[in-house]
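So you can see what is in the structure, the chains are spelled out below.
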Amino acid sequence: MLINCPYCGPRDLCEFTYQGDANRTRPAPDSTDLSAWNSYVYERVNTAGDHREYWQHSGGCRSHLVVVRSTLTHEIKSIGMARSETAQTGRQESAGSAPRRQEKRP
Amino acid sequence: MSLRRTADGGRIDRTRSVRFHFDGKAYTGLAGDTLASALLANGVTLFGRSFKYHRPRGVISAGYDEPNALVTILRGAVREANLPATMIEIHDGLVAESQNCFPSLEYDIGALNQVAGKLLSAGFYYKTFMGPAIGPLKGTRLWMACEHFIRRAAGLGRAGYEADSTRYDHMNAFCDVLVVGAGPAGLMAALTAAAKDARVILAEIDPVLGGSAKWSADTIDGSDAAEWAARTAEALAGMDNVRILPRTTVWGYYDGNTLAALERVADHKRAPENGEPRHRHWTIRARDVVLATGALERPIVFPGNDRPGVMLASAASRYAGEFGVMPGTRIAVFTNNDSAYQAAHALHEKGGQIDVIVDARTEISDAAAALARQIGAEVLAGHAVVGTKGGRKICGILVGALAPGTAQVAETRRQISVDCLLVSGGWSPVIHLASQAGAAPIWNDALQAFLPPDPAQKWTGAGAMLGHFSTAEALADGQSAGAAAAGGSRSRNPAVPEVEGALIDPTPAPVFEVVSSDKKRGKAFVDFQNDVTADDVRLAHLEGFVSVEHLKRYTTLGMATDQGKTSNVPGLAIMAEARGISIPQAGTTRFRPPFTPVSMGSLAGERYGDLKPDRFTPMHDWHVEHGATMYSAGLWHRPRIYGDPGETVEQAYVREASAVRRSVGIVDVSTLGKIAVQGPDAAVFLDRVYTNMFSTLPVGKARYGLMLREDGLAFDDGTTWRLGENDFLMTTTTANAGKVMQHLEYFLDVVWPDLKVTLTSVSDEWAAMAVAGPRSRDVLEGCVHGTPVDNETLPFMGIVRGEIAGVKVMICRLSFSGERAYEVYCKAGYGRHVWEALVAAGEPFGIVPYGLEALGTLRIEKGHVTGSEIDGRTTARDLHLDWLLSKKKPFIGSMMMDREGLAGDDRLALVGLISLDNRALSGGAHIVKHNDPRDIRDSIGHVTAACYSPALGRYIALALVEGGKVHHNSRAYVSDPLRGRFGPVEIVSHHFFDPEGSRMHG
Amino acid sequence: MAEYSALSLIKHAWTGNRDWRPAWRKPDPKPSYDVVIVGGGGHGLATAYYLAKEHGITNVAVVEKGWLGSGNIGRNTTIVRSNYLLRESIRFYEFSLRLWEDLAQDLNYNVMFSQRGVLNLAHSPGQADDFIRRGNAMRHGGADAVWLTPREIARKVPGLDLSRSARFPVVGGLLQPRAGTARHDAVAWGFARAADRRGVDIIENCEVTGFLRDGDRITGVATTRGDIEARKVAVAVAGSTGRVMKLAGIDTLPIESHVLQAFVTEGLKPFVNTVVTFGGGHLYMSQSDKGGLVFGGDIDGYNSYAQRGNLPVVEDVMSEMVALFPGLTRARLLRSWGGVMDMSMDGSPIITTGPLPGMYLNSGWCYGGFKATPASGWCFAWTIAKDEPHAYNAPYTLDRFQRGILIDEKGQGATPRLH
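Chains as they are written, first to last, in the working numbering: chain D, 1 to 106; chain A, 10001 to 11002; chain F, 20001 to 20419.
By construction, these hints were calculated from the structure, which means they are not laboratory data.
None of these values were measured; they are calculated from a predicted model.
Mixed in with the good hints, there may be bad ones.
What the hints assert, rightly or not - Using 25 Å as the maximum straight-line C-alpha spacing, the simulated DSS-like pairs for lysine-lysine come out as follows:
1. F:Lys20246 <-> A:Lys10523
2. A:Lys10701 <-> A:Lys10827
3. F:Lys20269 <-> A:Lys10025
4. A:Lys10523 <-> F:Lys20290
5. F:Lys20065 <-> F:Lys20026
6. A:Lys10389 <-> A:Lys10520
7. F:Lys20410 <-> A:Lys10520
8. A:Lys10118 <-> F:Lys20410
9. A:Lys10739 <-> A:Lys10612
10. A:Lys10138 <-> F:Lys20410
11. A:Lys10138 <-> F:Lys20053
12. A:Lys10701 <-> A:Lys10756
13. D:Lys77 <-> F:Lys20246
14. A:Lys10118 <-> F:Lys20290
15. F:Lys20053 <-> F:Lys20156
16. A:Lys10701 <-> A:Lys10965
17. A:Lys10888 <-> A:Lys10756
18. A:Lys10052 <-> F:Lys20011
19. F:Lys20269 <-> A:Lys10052
20. A:Lys10052 <-> F:Lys20026
21. A:Lys10756 <-> A:Lys10889
22. A:Lys10612 <-> F:Lys20410
23. A:Lys10739 <-> F:Lys20156
24. A:Lys10739 <-> A:Lys10756
25. A:Lys10052 <-> A:Lys10523
26. F:Lys20290 <-> F:Lys20269
27. A:Lys10523 <-> A:Lys10393
28. F:Lys20410 <-> F:Lys20030
29. A:Lys10827 <-> A:Lys10739
30. D:Lys77 <-> A:Lys10523
31. A:Lys10701 <-> A:Lys10118
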């Protein structure tokens, strides 16, 4: 399997680490909704077909990529940088009241 | 020269003889011979014994599809088993022996199995050996007693235990077009793609390119086919953009057009040349692939079809044409298609005598009839061979007329004396790689064969693998496939050369098995190597094992070393016939890698003898020079003890640890993971990933921190140092260095991309050493320049920068040992230099280097946890680290850590143990409450780490025990049946020594 | 249907093997059953057998999409063992091992269970302590385990590289003598035949395309061979769990499907008489009765339903083989294949009622399902018959993840590729 890292170009599977399902949404850090946390940590869509997932180019630029790949044929349909996709969609962490910055010095 | 050699022709070098041994006997062959062709030339017909019945077997094919003639090659004590004699190029000094026979190939006692023939039918093993339900042979005992002997009778060759001293290599290659197979189609494809400037790799199984052109009677471009092939190969070899890989089997078609190939670099030589590997494994990433893999001739199933001397027709023409070996003197042919006439004609051209052609068809094409006339062979149309005569060698065949429209032979019979029977049951395109690429094959009724599926990856087929069996079609296919694969360039395609040859009909009659009304004719084999007969297939049907996969698994059809290359289709046909359905309805099989067997050494490549990298710290050589026993920790090598002569491990670490408590010691901690966490949001980030607060940490100070996983369990611990407002140096445990880095990167990339933080792994940039003990400050004072190291300047958890022996260092006052201690960091390259300076400065105080055992002892005395306790199943509370769980902020794991299962009172929690019988405790021992070493039950926990404590003068341990603290000051027993240890312990607090921490703060 | 025995073999051989009957019938599905089991693999067939044998429930159908035993029961490396660390696991797998010991007689089918021992090699004092902890846990849980020194290992496993200069020198090994291997296909066939003899309908080439329901309640299955009603529907489809459960509207589960490759060499005369695992990496190997070395390593490590793996794992596994046995460089890999594993979030299985009324789920076997076959079937049958779990499978609930009552043998948390 070859993965076309947007930063490094096409590289072999052995340079990458699978980082799992990218369909999950992390609850806000201070969310007390245990079932939301449970879904995020333990529940998977486990798609038979095109699957949105994270791969880290651990043997290269170390970026996390969002890859859409068929779990039936292993054919890769699209690849993007996780950083930019998360920033655009904000899907990783639902909005919450987590303090953005805390006082840095005592 | 042997009687079996033809007068001339072939690609063997008749001027160079080669001496080799087979089964202890010396033979002479010619350069260019395979072991099979050389032995055939010497009149040898018996090559091996079959798997189950130990029947005598000859050579049936001339290539990789050979099921019978398997031998073992010996190079000294190093053995290589199960090689087809058809694939071994002989060289001077080659030593081969036959397999699966005792006492000899000629007289094999295992042949007695034939007497029990009907009993040993498919499914035999499943139906017996169950043994009685009670008594001494109950359970598996009867089976295991029998299995002992069955295993010895089974198996093929013997593998050796001797290590192989040859080398194996890996290569990675990229190309525009990979052409698999260098027959006419492949050569033409490579030529075309190369002419269009594509980067081409051409891989061919055989040592010489040309495929069927090497032995066919066709004329290509006005010359002998073989001559055209040689010319074309030479032209390709001269091109810069073409790489030719002979003796190379492309064996796997993986995802993303990644193909795996095995190049046999040196098997045809007495020994590899200097620096040369024996095998080279290629991983080829090809933009496009041309599969020109040809086709394999199928045998026909009839009684006695396994007698030595029965051979595939195409194999015979190959032996005659390529190797100048005539497989017999009086030859008969049995066919269901025209191609055998071509083979017969080719043999005739080389001087062979073809007496009779038995053809299952009643009508024969004009071209075939003309060929038969030319060679003067009698044609028996509408007939079939129903039996063979002879012992270890064929001496005659029985022929009968087929009932019209069937494969049944009724009565009329004739016996013909022959010493060789050529068989052709039609052709199966070699579609294995196409199928591996990801789709099921498609049945073609006219050709009676499976054709490749539509491509699931980027490949184009050419020639016989598409069912286009003539040379002219192969060349035309090759050109168009090569052009399509090369794409792009507008340059003209090379012209397709003209072909002259017999225009034969490629479609066979659907005759796969000849059924004789006379049942006494003997066994009719479908899978030769595994001794699967047509009756076995029918038995499988009778017992309901009718799907292809059940058939294979129940009878072992197609599971032998040839993986059913010649037997799958006939087996399927017999099953379809039995079920009364068509072959495609009966099923197809998916082909799995490898295409032909691949040496495990080649797949290991350079990793053979060098499995994984070694990680050494900058001070490694010093440790070794100073008597350290090294300990393998993951990839790292770390000092375990610096043992004095005659010391036990325990004596050594007790001496080392005592020195630390008494005066001062030094330990190499360079293996700790180190991550630079930098940027305006670094402190915020750390607050989120650690359970405790880091934004409140002043610059120039360090803090101990704990991380949880998302699920709320403890993940890793370590200290993080604030070097600047936005500049932190995080340390992790040795084992988790990589995991923590990945964990942090994931959160920054995926969850919090808005945080302005960069992470850099600096584990290998810093050498790190800890100086510990009451005199540690004295040691530093003796060698550190540029900064005071007194308690004011460098308090507990303080950081200073200075110099040691001219090298810049960073010193943090941390303690894992519980003593006053300092970690000294310097650039990795100066590690040994600084280490030696510290050791020199420590000399007046009797500084002692200490290893992992003493490090462990000191931490056990203090009750500090490591990976033995943070084992992925424990929580912060279990380890009494809940004081680190900030209530002021959320952090990774904070919401999941309080779930009911993680908060129960009966969880395993950290305690201390003191041995009450003054005997050693060991990691991995269990703890019980009852005092009976013979009653092994009811463990309440286990020892995670143990040592002799010089500070306490007792054997102590840390343990995880159900309920933890509730057992404090109570008695229990260590129960260690694996090491035969049982004894009383007292469960105590894990803080054995200096619980107030006055020693390290002082 | 007649008993199999040496005598019956001789009788049939005498009459030319013409009178054998199918090992199991090929019935058409009836319109309704008491229990329909989805999945004709090892676990589904064992469940049917024990429903009939232990609970007298014989109005049962097993529906299988393809041919019987086409999933992981026919694709594994045939290892049977109970050498686990955690109490729940030891209890369950030890129960399974005991069922294995009498399985051939019980089924009247030789599943070739060969108790040749499973040896886990340890390569550092720390790893040795870990393995001894596990061995001691086994002993305290009623299983068998012994510790072998390198000298004892050398006697037991010739050809192993036991030199001090090995990259990962062997310091000892944990042996479970009663563990071993079995003939994987025979297990499927044996359970199928035995279930069939007790009246269970085994229906091959019958794909479930949906679930029949009455409100929330599952009342049967829609299949390519028509609707089948059932009072209880049990799902035991391993790697296909996600796909099948989606048909019931269950869109997420604590399971990922991953591909695991397995390998076999050409047949060799007896080379190794024990199952050997390598602690310096991840490798398990044994030799089949036919002579092939059967072995495997890590899963490929990405979601897959494709039953095909890739080269990096192939190369890893081979390099570990020749590191352990340097004499095997010239042995040849004959065949490799892939299976789809239902990797759970803590590496332990799920055998439970639900998640919908009328439904029962058996899943999450990761790549350890083969050895569990008898106990899994036995416990699942109990759960189906009694609508509550047996003590053996009580820990294997679906809600244990949310509740944090995890059974995490490897301590890797919710990262399925690491279990």
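Here's how the hints hold up against the structure:
1. F:Lys20246 <-> A:Lys10523: violated, 51 Å
2. A:Lys10701 <-> A:Lys10827: holds, 20 Å
3. F:Lys20269 <-> A:Lys10025: Given pair Lys20269 of chain F, Lys10025 of chain A holds - Cα atoms ~24 Å apart, limit 25 Å.
4. A:Lys10523 <-> F:Lys20290: holds, 22 Å
5. F:Lys20065 <-> F:Lys20026: holds, 14 Å
6. A:Lys10389 <-> A:Lys10520: Roughly 13 Å separates the two Cα atoms, so the pair holds.
7. F:Lys20410 <-> A:Lys10520: violated, 61 Å
8. A:Lys10118 <-> F:Lys20410: violated, 50 Å
9. A:Lys10739 <-> A:Lys10612: Holds - the C-alpha atoms of Lys10612 of chain A and Lys10739 of chain A are around 18 Å apart, at most 25 Å.
10. A:Lys10138 <-> F:Lys20410: violated, 35 Å
11. A:Lys10138 <-> F:Lys20053: holds, 20 Å
12. A:Lys10701 <-> A:Lys10756: Roughly 22 Å between the alpha carbons, so the hint for Lys10701 of chain A and Lys10756 of chain A holds.
13. D:Lys77 <-> F:Lys20246: holds, 23 Å
14. A:Lys10118 <-> F:Lys20290: Judged against 25 Å, a Cα distance of about 19 Å means the pair holds.
15. F:Lys20053 <-> F:Lys20156: violated, 40 Å
16. A:Lys10701 <-> A:Lys10965: Distance of about 33 Å is beyond 25 Å: violated.
17. A:Lys10888 <-> A:Lys10756: holds, 22 Å
18. A:Lys10052 <-> F:Lys20011: Holds, at about 21 Å.
19. F:Lys20269 <-> A:Lys10052: holds, 13 Å
20. A:Lys10052 <-> F:Lys20026: Judged against 25 Å, a Cα distance of about 31 Å means the pair is violated.
21. A:Lys10756 <-> A:Lys10889: holds, 20 Å
22. A:Lys10612 <-> F:Lys20410: Given that 25 Å is the threshold and the Cα spacing comes to 22 Å, the pair holds.
23. A:Lys10739 <-> F:Lys20156: violated, 37 Å
24. A:Lys10739 <-> A:Lys10756: holds, 21 Å
25. A:Lys10052 <-> A:Lys10523: Distance ~13 Å between Lys10052 of chain A and Lys10523 of chain A Cα, so the pair holds.
26. F:Lys20290 <-> F:Lys20269: holds, 9 Å
27. A:Lys10523 <-> A:Lys10393: Satisfied, since the Cα-Cα distance of roughly 16 Å is no more than 25 Å.
28. F:Lys20410 <-> F:Lys20030: At roughly 44 Å apart (the allowed maximum being 25 Å), Lys20030 of chain F and Lys20410 of chain F break the hint.
29. A:Lys10827 <-> A:Lys10739: holds, 24 Å
30. D:Lys77 <-> A:Lys10523: Distance ~53 Å between Lys77 of chain D and Lys10523 of chain A Cα, so the pair is violated.
31. A:Lys10701 <-> A:Lys10118: Not OK: Lys10701 of chain A and Lys10118 of chain A at ~84 Å, beyond 25 Å, violated.
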